[in-house]
Amino acid sequence: MTTAGWVFMIASCGFVVCLCAFCFYHVLAKPSAANHMHAPIDIDTHDKDT
Amino acid sequence: MAQKKEEWGTRLGVILAVAGSAVGLGNFLRFPGTAAANGGGGFMIPYFCALIFLGIPICWAEWTMGKHGGQFGFNSCPAIFGALGRRSIWRYLGVLGLIIPVIIYMYYVLIESWCMGYALSYLVGWINLGTDPTQYASQSVSYFNDFVGANQDGLMLDGRVHISVVVWLLVFAVNFYFIYRGLSKGIETFCTWAMPLMAVCAIIVLVRVLTLGAPDPDKPELNVLNGLGYMWNPKPLDSQHSSWLSALAQPKVWMAAAGQIFFSLSVGFGVIINYASYLRRKDDVVLAGLTASGTNEFFEVCLGGLITIPAAFVFLGVAGAERVGVFSLGFHTLPVVFEYMPAGHLFGFLWFFMLFLAAITSSLSMLQPAIAFLEEALGIGRRASVALLGLITGMGSLFVIFFSKDLKALVFLDDTIGTITIVVLAAVQTILFGWVFGVKRGMRVAAEGAEMRLPRFFPFVIKYVTPAYLLLMLGLWCYTDLGRYVNQVRTDQVVALTFGLVVVVTVFLLVLINLGGRRWKAETRPLPEGY
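Chains A and B, in that order, are what the protein sequence lines are. Each residue of the first sequence is one higher than the last, beginning at 0 in numbering that gives the first Met the number 0. Each residue of the second sequence is one higher than the last, beginning at 0 in numbering that gives the first Met the number 0.
Mixed in with the good hints there might be a few duds.
Claimed, not checked - In silico SDA-like links for lysine to any residue, alpha-carbon gap of 25 Å or less:
| # | chain 1 | residue 1 | chain 2 | residue 2 |
| --- | --- | --- | --- | --- |
| 1 | B | K184 | B | K404 |
| 2 | B | K404 | B | N144 |
| 3 | B | K184 | B | R382 |
| 4 | B | K281 | A | A10 |
| 5 | B | K184 | B | G12 |
| 6 | B | K251 | B | A318 |
| 7 | B | K407 | B | G482 |
| 8 | B | K184 | A | F23 |
| 9 | B | K184 | B | Y339 |
| 10 | B | K407 | B | V506 |
| 11 | B | K281 | A | C19 |
| 12 | B | K218 | A | M0 |
| 13 | B | K251 | A | V6 |
| 14 | B | K251 | A | G4 |
| 15 | B | K251 | A | A10 |
| 16 | B | K281 | A | C12 |
| 17 | B | K251 | A | C12 |
| 18 | B | K218 | A | T2 |
| 19 | B | K520 | B | L500 |
| 20 | B | K184 | B | I203 |
| 21 | B | K251 | B | G474 |
| 22 | B | K184 | A | L27 |
| 23 | B | K281 | A | L27 |
| 24 | B | K281 | A | A3 |
| 25 | B | K218 | A | C12 |
| 26 | B | K407 | B | Q487 |
| 27 | B | K184 | B | K251 |
| 28 | B | K218 | B | L205 |
| 29 | B | K404 | B | L387 |
| 30 | B | K281 | A | F23 |
| 31 | B | K281 | A | W5 |
| 32 | B | K218 | A | G4 |
| 33 | B | K251 | A | A3 |
| 34 | B | K218 | A | W5 |
| 35 | B | K281 | A | Y24 |
| 36 | B | K404 | B | H161 |
Think of the hints as simulated: they come from the structure by calculation, not from any bench.
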């Protein structure tokens, strides 16, 4: 494993991990965004409609 | 519409469902081989360029078109294309968004069942490559050929009970069970559990691989660091060049990176449009699309990139790591690796079970677009549409199982529908979004409820760069592969029959689109005010 190999591996994995952390932080942690759970009464999935 | 539309339960649910659709066998088996063969670490430069300027913009376009189409009350690709393009030709072009998932499902569910079959085989000890290490490789190939019936057509359907066929039936039934349960209770619930479980399995295997050290004291050079180096060290493509930068001057490296990003993110499958159509007008698509893409990248780069090639290198050296391709790396090489590895059967089970989870979260997503289409086109309920789709895909899958010699039918379908047709659909989508629907309008739709803004380069990229890139890919394919493709259909009977299957399914769906078109015109829901 060369120094350049380490650089590419750490930079690539680091970029992806940071991207995921940024996205999931905004999706999960922010109250306005958190799951924006639809009220149960809103949900009518008609999952078993025929 | 006659029925109230389905909806996602949570935003996290739809993100995991889209990410689950994107994460598949290619993340663990295709990406590492492609990267190692195209410059190692240097490949990541074109790879991330393709992600930022090609993959994610197309994702955003698909999410936006899907959400907008859903406001008309539509969930299927033909109906959404028709509503956005306002001409019937777009409706018919939408057939691509149906044949791709439906036909890919026919063979993908089979590969998925192989993963499950291998996981079971490791669990109960059916896999036995013998005691002579020099015979492991040939035993592994032999086991795979016997398992899938690759030695002769019709071998798997000769009237005897074959474990692979039993597992296929089981996996097929599981898929349709979750699909029948519906979008929220079925797909979303399953992906919410399966995605974290998949990550846990992959991380356990990753820790095992990274702690292997140098398992053979006689060959200290075959160690984990050198395995990682084989994958990540930037290198030229051939010995004629000395600098790894020379790889970046090769167009084929950039095309390989674009192709990998493209197929990895599940863009051009007709799935994202369908999934996004169940969102509400004020639901965010920008952050959701970015999160789903990021999750897919995590599985691909951080897990796939660190497991497969280093593991193959540590036990088999360069010869093992060089074997790229889903089948040869996944089903020929890795069983040999697990045979050498301490507690290999346990890790073999975990690995193939993880691949099964990756595959089933993808295959579930392939069924939903067609279910939505059958409901919309024929005005039938979920039970009837699930039964009809089960019949169609079941027959198609049996066709692939029957023509198992050298996996000819499967490989042909993957070469055509699973490769080039996806590029065609993506090109159609970007032209529809950038030139017909309009980028400005698209940006407005995407901005509604969005928690982050689309980047400034997005309009230019989606209107000019992406279509040009896709048309270039299509042109290159026509130049290099079209002749071979036509010749194959003309000379090989099995390939001709497989091509016939594609034609029959396409014509059937076009007839249904024609029938559905009349319903959709009559039932188009007016858009909300200000849209």
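Looking at the structure, which of the earlier hints fail to hold?
1, 4, 9, 16, 19, 20, 24, 25, 27, 29, 31
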